[in-house]
Amino acid sequence: MDALKITPELLLFGAAAGLAAIAAVGVVAFNNAIRSALCLVVNFFVLAFLYFTLNAEMLGVTQIVVYTGAIMVLFLFVIMLLNLGSPEALEEKRDWKRPAGLAIGALFFATIGSQILMPLMKITTVSSRDDFGGPQAIGRTLFSQYAFPFEAVSVLLLIGIVGSILLAKRRMS
Amino acid sequence: MADWFQGLHPLIQASVRVVLFFVPMFMMIPVMIWYERRLLSWMQDRIGPNRVGNITFSKTSKLVPQILRGRKIKLFGLLQPMADGAKSFFKEDFMPAKVDKFLFILAPAVFLFPAFALGATLPWGPYTLLTPISDANIGVLYVLAISSLGVYGVVLAGYSSENKYSLLGGLRASAQLISYELAMGMAIAAIAMATGSLRLTDIVSAQEGRLWGIVPGLANWNVLTPYGFIAFIVFLICMVAETNRAPFDLPECENELIAGYNTEYSTKKWVLFMMGEYVNMIVYSMLLATIFFGGWHLLPFQFDQLAREHPQISTFYELLAKLNGSSILGPVWFVAKVAVMLTCYIWIRATLPRLRYDQLMALGWKTLLPVATVNVILVALWIVATKVYSPVLGWAAFLCFGVLIVMIYRALKSVIAPKTSSLASRTLRLDMSPANVSKPEPEPELVEVAN
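Protein chains in written order, with our numbering: chain A, 481 to 653; chain B, 484 to 934.
Calculated from the structure, these hints are not laboratory results.
As the structure is a computational prediction, the values presented were derived from the model and not from experiment.
Be aware that a few hints might be false.
[Unchecked claim] Chain B is faced by these chain A residues, among others (derived, beta-carbon under 7 Å):
#1 Val541
#2 Ile544
#3 Phe557
#4 Val558
#5 Gly614
#6 Ala617
[As the list claims (entries may be wrong)] Straight-line Cα separation of at most 30 Å, DSBU-like style, residue types lysine-lysine; simulated pairs:
#7 B/Lys557 - B/Lys751
#8 B/Lys896 - A/Lys649
#9 B/Lys542 - B/Lys555
#10 B/Lys849 - A/Lys649
#11 B/Lys584 - B/Lys751
#12 B/Lys896 - B/Lys849
Beta carbons: idealized from backbone N, C-alpha and C, even for Gly.
Could you put together the complete structure from these sequences and hints?
So, in structure tokens, the structure goes:
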């Protein structure tokens with residue numbers, strides 16, 4: 481492998497990616513549900529910075545608005561409302577599920593890794609076009625090339641909203 | 484000067500911009516605290532802090548110079564915030580025994596971070612080199628994204644305190660902030676659509692154009708346009724709610740929750756929460772001034788344009804343009820606008836009683852969000868009518884469709900739920916609905932007698 485040249489971009493990437501990875505480990509390693517959720521918050525937040533380094537600022541900001549700002553707040557809200565009790569109560573029993581999960585996880589990793597690890601090994605610098613991820617570029621693509629999927633997804637979301645209202649109303653009356 | 488500045492390392496340039504933005508903001512906080520207490524006490528017909536800083540010199544002591552003997556120096560309590568700040572550092576930093584220590588200490592910092600990071604895309608004057616800190620092309624979205632992080636500090640404080648009232652405060656805060664963020668996003672979306680850019684400097688420069696595209700001499704401040712005015716009202720309400728200020732201060736509502744999420748906090752940590760709140764108020768006021776009130780311009784007049792159109796008196800108009808903001812006065816007007824807005828904050832606090840929780844939710848979801856959404860539809864109509872035909876048609880389309888939508892809404896409402904016009908009657912109906920009110924059970928003794 482060629483000697484890696486240390487550039488500011490690489491340092492930034494290393495810091496962000498390392499923090500994201502540590503936070504991701506924290507999500508599954510903590511006993512406390514709130515701590516896990518907070519790790520997920522950190523992970524999502526740092527992930528946005530990885531997008532920023534790739535000139536995909538629109539995607540990064542959307543990541544913060546949607547995942548960090550809205551979805552994770554709801555997660556925390558639910559965890560706090562449910563009040564899961566002591567961490568000991570959450571301790572899982574040792575049974576066949578754990579090795580099975582590990583095996584499937586390893587298989588999953590191997591499947592994805594075999595496809596993307598080799599090409600990624602050669603990439604040592606950040607590269608993307610300047611006009612890559614701005615709001616204008618995304619808007620143009622979304623409303624021309626991907627207009628139909630975009631509208632289809634919006635209909636899907638509408639169905640979701642109406643469905644949730646229906647469920648809530650039925651419970652109330 | 485400009486060349487020299489551009490020649491510096493980008494990191495130094497960025498640091499200069501950060502310092503120029505944050506040092507004035509830090510300086511505004513104690514003044515703001517003093518101003519709020521004095522103005523509030525004046526509005527509530529009491530005196531307020533007026534003692535700290537007053538010096539009365541002795542009449543007889545020989546240690547006092549002759550001119551000062553018997554004199555009084557009044558500072559109107561201006562040193563009160565300093566005294567309070569010093570006091571908070573010497574008080575015992577109390578932490579309850581059973582709190583989640585890590586999160587308890589982390590929460591104020593998490594609360595303060597988004598408050599400070601919020602202003603990074605705000606331009607405060609006509610200097611493209613010095614402001615904003617980052618002229619990202621996602622400026623408005625950045626503000627929304629960072630403001631949505633503000634809730635974490637409150638939620639963590641509420642959770643880690645291991646106190647029922649704190650937890651309730653945290654839960655209320657998260658529900659409130661999520662609800663009002665949507666309406667605020669929609670209000671800003673209308674402005675972004677009309678401007679055609681998310682960059683805050685573009686939004687400011689778009690407001691230097693002609694009013695509605697036709698009126699000569701007047702600038703197109705967003706608050707003067709029909710869609711902008713609706714967006715402004717929605718944004719104003721959401722802004723007060725987002726900063727947890729009265730009448731939306733349910734997360735720290737004293738009569739129900741002691742002090743809500745910051746019940747268990749004392750001294751420096753509590754000061755951090757207060758600081759975050761004030762910084763939030765200041766930054767949101769700046770945002771309001773930038774998006775709706777033409778940024779750093781004093782009045783909505785196009786003096787630059789007028790100077791070009793009337794060459795014979797162009798010097799006069801150029802002078803007016805300079806006075807209006809395109810000079811060192813720009814930041815002054817910007818701060819003045821922020822001060823006016825902060826006064827409104829205090830005024831609102833002194834005037835309006837706190838909302839009930841169901842009223843808060845009803846206002847956010849049933850009033851502001853639909854209004855802001857309809858506004859987005861109307862602004863699309865406005866853009867098409869104005870760009871393709873004329874602004875007059877734009878006004879006509881805006882008013883016609885606005886009235887049409889309101890009529891459809893009223894018709895639908897009268898079909899779905901008749902006689903539920905006011906908020907009070909609606910909540911009353913909720914309480915009196917058949918599910919909640921069981922049939923009056925006859926009292927046991929009476930039943931026995933009847934049997």
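Inset, instruction - Report the numbers of all earlier hints that the structure fails to satisfy, in ascending order. - result: Per hint list: 4, 6 violated.
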